[in-house]
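Listed below, chain by chain, are the residues.
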Amino acid sequence: MDKNNDALMKVKDLPAGFRAKPGSTVDFKTGDWRSIRPVLDKEKCIYCGFCYIYCPDGVYQDQGPEEKHYIADLDFCKGCGVCAHECPKKCITMVLEEV
Amino acid sequence: MANKPIGIEVSLAVAEAVKLCDTDVVAAYPITPQTHIVEHLSELVADGHLDAAYIPVESEHSAMSSCIGSSAAGARTFTATSSQGLALMNEMIYIAPVLRTPIVLAVANRALSAPINIWNDHSDIMSVRDAGWIAVFAENGQEALDLTIMSFRIGEHPEVRLPVSMNIDGFTLSHFIEPILIPEKSQVDAFLPPFETDIKLDLKNPMSMGLLGSPETYTEVKKATDDILLGSQKIIEQVFAEFEKVFGRKYNPVETYRHEDAETIILTMGSISETAMTAVDEMREKGRKVGLVRIRLWRPLPVKQLQAALGKAETVAVVDRHVVMGVPEGPVALEVKSLLYGTPNAPKVCNFILGLGGRDVRRADFKYIAERAQALAKDGQNRFEIVGVYE
Amino acid sequence: MRAADVPYEKITAKTFPKGQDSLASGHRACQGCGEVLALRLLLKALGTDFIAVSATGCMEVCTGTFPQSAWRMPWLHVAFENAAAVASGVESACHVLRKKGKLPDKRFPVVAVAGDGGTADIGLQALSGALERYHRDFIYVCLDNEAYMNTGIQRSSETPFGANTTTSPVGKDSQGQNTWKKNMPAIAAAHGIPYVATASPAFHLDMMNKIRRAAAIEGPAYIHVYAPCPTGWRMKPELAVESSRLVVNSKVFPLYEVLDGHYVMNRKVEKPIPVADYIKPQGRFRHLKQEDIEKIQQRVDLEYDKIVRLSEAFPV
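Chains as they are written, first to last, in this note's numbering: chain W, -2 to 96; chain R, 1129 to 1519; chain S, 15 to 330.
Treat the hints with care, as some may be off.
[To be verified] Simulated DEER-style distance windows between Cβ atoms:
no., chain 1, residue 1, chain 2, residue 2, range
1, R, P1322, W, L5, 27 to 37 angstroms
2, R, P1243, W, D24, 51 to 61 angstroms
3, S, G206, R, N1218, 27 to 37 angstroms
4, W, K18, S, R300, 35 to 45 angstroms
5, S, K113, R, I1514, 30 to 40 angstroms
6, S, G206, R, K1351, 44 to 54 angstroms
7, R, Q1435, W, N2, 30 to 40 angstroms
8, S, Y22, W, G46, 14 to 24 angstroms
9, S, D119, R, P1243, 23 to 33 angstroms
[Claimed, not checked] Which bits of chain W does chain S cover? Going by a derived footprint, with three or more residues having C-beta under 8 angstroms, they are:
no., stretch
10, 15 to 26
11, 66 to 75
These aren't lab readings, by the way, just hints derived from the structure by calculation. The structure presented is a predicted model; accordingly, all values stated were derived computationally and were not measured. Glycine included, each C-beta is placed from N, C-alpha and C at the ideal position.
Isolated chain W (complex conformation) (with noise of 0.2 angstroms):
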C-alpha cells in the first residue's frame, strides 16, 4: 500500500537481518539539542587534548599537524560543558546558543 503513516521504509528496502553500516549514526546530527556552545579562546589553550579525550559525544576533532588547537565540531555538540569544566586552563567558555 502507499505510505499513509510514519514508515521508514518499504519492506522490500530493509536490510536482511536488519541491520545497519558502521558508524552511520554521523547522519544524526545531535547538535540540535544545545542551549550552550562551547567557545575557545585560542590565545589560552596550551593544546593538552583534554577537551578532545574527555568529550562524552567525541566532538572535539584533531585538526592534524597544521592546526594544534582541537575544533569542536557543533553538529554533534550537545552543549554539556564538560570540555568546558575539564580545561585546566579555563579557556572554554559556554554561551548561551542565540535563537
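Since chain W is already given, all that's left is putting chains R and S on it; use the hints.
Just chains R and S, lined up with the frame of chain W:
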C-alpha cells in the same frame, strides 16, 4: 549406499547427523529427554570425531543466546532442548529469526510444567509456534536423522537463513533404538555445502546487528520476517527433492496414508503416526473408510497441501498433543479449521487431545476417535474432546 | 605466562590515539553522559579489529537505533540479560572458525558491554557461566551507572547505599537505597579468571590500558567501570569527569587490578577527600543526614582497606 541400517538410539542418530554436517558450535544445557543427543555430541568432540566447540552453558537461555552469537559469527550451530528448556529459551527464540541466524534446534518434545512431568507431548513446541522458526516433525528415527541434515540445508539456504526446530517425541522416539541408515560422509558433503552467509559479524565488513526498531520500522520488520518464512516452503520442497536425489528417501511437507477415498481422516504429527497407521489398517480391514494425514512441516504451515489432503473427506479428526487453556480447541485443530474454512464442501473438523504428559496413545484411541468423529459429523457438530480424561 | 607478565602496548599521553573514534558521534546519549564517555574511550583503546556485543540498556539504545549505528566494529545486540552468553557464542565460533582456517589466524577479543543491571542483576548468571567456562578472548565490561537509567532510574543491586531512585525513593520510612552496593569485581575475581580490574573515565589512560591488557591476556577478563549519569544522579551535566575523579580520590571506588588472584592497587589515595565531598554534587544523596554519611564513610574506609591489604598480602 554401501551401508546397511544399524540399530541405534534415535538421539544418538541425531548426534551422528550433527557430526556428519561438520557442525562448528554446539551450545547446550542438559534436560531430559534431550540429554542423550548432547551427551553423544560432547563425546564426539572429546574423542576428536567432531571438530567443534562444545559450550557447556549454564542455562537454556544462555544456550540459545550463545547459539545466536555463534551463528551470527558465521558458524554452523546446533543445540537441543525439551520442555522447560525451550520455555526458558523463549525470549531468544523470537530473536533468532529476525537476526537471520540459521541455528538447528532438536527438540525432544516434552510436556510443560506444572505439574512437572518429563514425558512426551507437544506443549513445549506449541509455545513457540508464532516465533518465526521453521519447524519439522519426525515420525521415526530415520526421519530424525534425515531431517537434522536437511534442517541445516534449509535454514542456511541463501533465500531462507532462518532457524529450524527438528522435533522428535521425547522418550517415545528419542530413546528408542531403531534400525537407521547412517549416510556416508561423502553423501552428506554432496548434499550440504559449507555454511556461507553475508549476514554476519565480519571484521572486513563490520555491520551492526540487533538494532532497535522504532514504530517507523517494527511493522515492516515483522512483515519481512513472515515473508521469508512463508517463502521458505518453496525452498524446503526443493531441499526435500534434492535429498531424495542423493539419499533416495522421499519427503513431503504433508504425508498421507490411505487417505484418497477416506471419509474420515485422522490428522497427526510426530511418532504417534505409526501407531495411527496400524489402526487405520485395522479399521480398513473392517471396511471403514479411514485414512491418515501427517503434518511433517509445521512451520511454515503447508496450507495448500493440507487443503488438498483433507478437502475431500467428510470428517477430519485432528489429534492435538497440547491443551490451549481457555479455548475449546487444540492448536493444530484451530489452524486446520482456519485453513478449511470457506473451502467448498469443507469437511467437519473434530478435535481430540491425546497423549498429554506421556499418557500412552494406543491403536484403540485412534479407532475411538475415528468412530467418534463419524458420529459427531452425523450430528452436524464440531466437537472437542480430551480423550480418556477420567472425570 | 602469568597475566601480570603478558606484554601489551601501553597508551601514554604522547601516544594517545588521535584517529577516528571507534564509536561514532551522533549517538543519542544524554548531555554529559559519563557512561558513553567511558565506552568511547574503551573502544578507542581497542581500535576496530574486534567484535562488540551489547546488552540492552542505555548504551545499546542510544547507539543502535535502526537505520543507524555508532559502532565502527562488528556489533551485535540480542537482549538484556545475556551479553555474556552471546559473546561466549561469538568467541567460541571465532575460535573454531580460526582453527578450521575459515577465519585468519589472528586472535581478537570479543567484548561484551553491559550496564550494572545487565551485569549484577539480570545478567549475573550468564556472566558467571561465561567467566567460569574460561573463554580465551573474552572481555566483559560493566559500565556501572548505579541504577536502571534506561527505564527511568530504578534501583539495582549496584545502587549505592542512601541513593534516591524511583524504586528506592526517599520517604517517611525510607532514606533511599537501604542496601550496600554489590561487590561485582570481587564476584568476578572469585571465578579465578586471569584478569579483573576497576576503572574510572577520569583516569582515562589507566582505563584504556586496562582494556588493552585484558585484550592481550588469554582467558576471560572483567572490567568494572564507574560510569557517572548526570541525568539519573541529578547532577549538572558538566560533572561526569569531575565525579569520576572524586569517586576515586574519596576511596569510594578504588582503582585496582586482580591478576591471577594477585592484587594491584593502581592508585593509592594518600590524602582522601571526605565522602561528603564526593556525594555533594549529586542530588540523589541530597536528603542524607550527617549520621548516614558517617555510616557510608566507615564502610568506604573498610572496603578500601580490604583492597590495600589484599594488595599487600598477595602482590603481583
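Now the hints, each set against the structure:
Judged by the Cβ atoms, the range 27 to 37 angstroms given for P1322(R) and L5(W) holds: they are separated by roughly 35 angstroms. A beta carbon spacing of about 55 angstroms between P1243(R) and D24(W) agrees with the range 51 to 61 angstroms that was offered as a hint. For the hinted restraint 27 to 37 angstroms between G206(S) and N1218(R), the CB-CB distance of approximately 33 angstroms keeps it satisfied. For the pair K18(W) and R300(S), the supplied restraint of 35 to 45 angstroms holds, since their beta-carbon distance comes to about 44 angstroms.
For K113(S) paired with I1514(R), a C-beta distance near 52 angstroms fails the hint of 30 to 40 angstroms. G206(S) and K1351(R) have their C-beta atoms about 49 angstroms apart, which keeps the hinted 44 to 54 angstroms range intact. About 34 angstroms separates the C-beta atoms of Q1435(R) and N2(W), a value consistent with the hinted range of 30 to 40 angstroms. For Y22(S) and G46(W), the hinted distance range of 14 to 24 angstroms is satisfied, since their beta carbons lie about 22 angstroms from each other.
At roughly 53 angstroms, the beta carbons of D119(S) and P1243(R) sit outside the given window of 23 to 33 angstroms. Under the rule that three or more residues need a Cβ within less than 8 angstroms of chain S, the assignment of the stretch 15 to 26 of chain W holds, with 11 such residues. Counting residues of the stretch 66 to 75 of chain W whose beta carbon lies closer than 8 angstroms to any beta carbon of chain S gives 4, which reaches the threshold of three, so the coverage claim holds.
In this structure, the earlier hints numbered 5, 9 are contradicted, and the remaining ones agree with it.
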